[in-house]
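As a plain string of letters, each chain reads:
Number of protein chains: 2
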Amino acid sequence: MEDSELSQHNEKRTRITVDIYGQQYSIVGDENTTHIRMVAAIVDDKMREIYAKNPSLDINRLAVLTAVNVVHDYIKLKEENERLKEKLKTKE
Amino acid sequence: MEDSELSQHNEKRTRITVDIYGQQYSIVGDENTTHIRMVAAIVDDKMREIYAKNPSLDINRLAVLTAVNVVHDYIKLKEENERLKEKLKTKE
Chain A
0 MEDSELSQHN EKRTRITVDI YGQQYSIVGD ENTTHIRMVA AIVDDKMREI
50 YAKNPSLDIN RLAVLTAVNV VHDYIKLKEE NERLKEKLKT KE
Chain B
0 MEDSELSQHN EKRTRITVDI YGQQYSIVGD ENTTHIRMVA AIVDDKMREI
50 YAKNPSLDIN RLAVLTAVNV VHDYIKLKEE NERLKEKLKT KE
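Taken in order, these protein sequences are the chains called A and B. The first sequence: position 66 = 65 (numbering that gives the first Met the number 0), numbered continuously. The second sequence: position 35 = 34 (numbering that gives the first Met the number 0), numbered continuously.
Keep in mind that the hints were calculated from the coordinates and are not lab data. Note that the structure is a prediction, hence the values are computed from the model and not measured. Backbone N, C-alpha and C define an ideal beta-carbon position, used for all residues, glycine too. Just so you know, not all the hints are guaranteed correct.
Said to hold, decoys possible - Listing some non-contacts, in silico: residues in chain A with all C-beta distances to chain B over 10 Å:
{"#": "1", "residue": "LYS11"}
{"#": "2", "residue": "LYS45"}
{"#": "3", "residue": "ARG47"}
{"#": "4", "residue": "ALA66"}
{"#": "5", "residue": "HIS71"}
Stated by the list, open to error - In silico DSSO-like cross-links for lysine-lysine, where the CA-CA straight-line distance does not exceed 27 Å:
{"#": "6", "chain 1": "B", "residue 1": "LYS75", "chain 2": "A", "residue 2": "LYS84"}
{"#": "7", "chain 1": "B", "residue 1": "LYS77", "chain 2": "B", "residue 2": "LYS90"}
{"#": "8", "chain 1": "B", "residue 1": "LYS84", "chain 2": "A", "residue 2": "LYS90"}
{"#": "9", "chain 1": "A", "residue 1": "LYS84", "chain 2": "B", "residue 2": "LYS52"}
{"#": "10", "chain 1": "A", "residue 1": "LYS11", "chain 2": "B", "residue 2": "LYS90"}
{"#": "11", "chain 1": "B", "residue 1": "LYS90", "chain 2": "B", "residue 2": "LYS75"}
{"#": "12", "chain 1": "B", "residue 1": "LYS77", "chain 2": "A", "residue 2": "LYS84"}
{"#": "13", "chain 1": "A", "residue 1": "LYS77", "chain 2": "B", "residue 2": "LYS86"}
{"#": "14", "chain 1": "A", "residue 1": "LYS90", "chain 2": "B", "residue 2": "LYS75"}
Whenever a hint applies, use it, and build me the whole structure from the sequences.
Here it is, written out as structure tokens:
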């Protein structure tokens with residue numbers, strides 16, 4: 000079983016095994032188990048959602064496209080974040 | 000070649016082929032090609048970063064763990080976002 004680290008800034012490390020798209024992953028991080036399980040559930044959901052639209056995808060391409068979609072969402076959120084910070088600056 | 004859709008709210012669709020971790024993907028979205036290429040480059044970078052730490056990972060597990068890491072980052076950013084919105088509310 001392989002491990003993935005969610006972050007490296009704390010000494011209280013949590014290690015749990017989660018199921019994503021029928022495979023088990025051992026995740027290590029300084030977040031609590033609820034957070035790690037939520038992250039795994041979101042990835043699992045997104046993979047199933049993309050699979051439903053593209054049933055011919057193999058798991059490897061499916062996982063890459065899931066990462067693509069999440070990075071896209073991340074960038075959009077990052078842009079909103081910058082706008083909020085700018086707005087806050089003008090209010091100070 | 001499979002397609003992935005980045006969003007579905009616009010009529011100006013962009014379709015480009017990007018290379019992620021040695022494989023080609025056809026991405027369809029209403030974002031410009033620069034945005035789509037940036038998203039692909041981020042996923043490619045993250046996969047290589049996680050691979051460097053876990054060279055025994057196969058591409059399928061690597062891609063899933065990349066998605067896990069990005070969702071984790073997304074949730075952290077979402078939390079910051081909510082804090083910024085709350086802060087803005089108190090300034091109004």
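- Task: If any of the earlier hints don't hold here, list their numbers in rising order.
- Result: 2, 4, 5, 9 and 10
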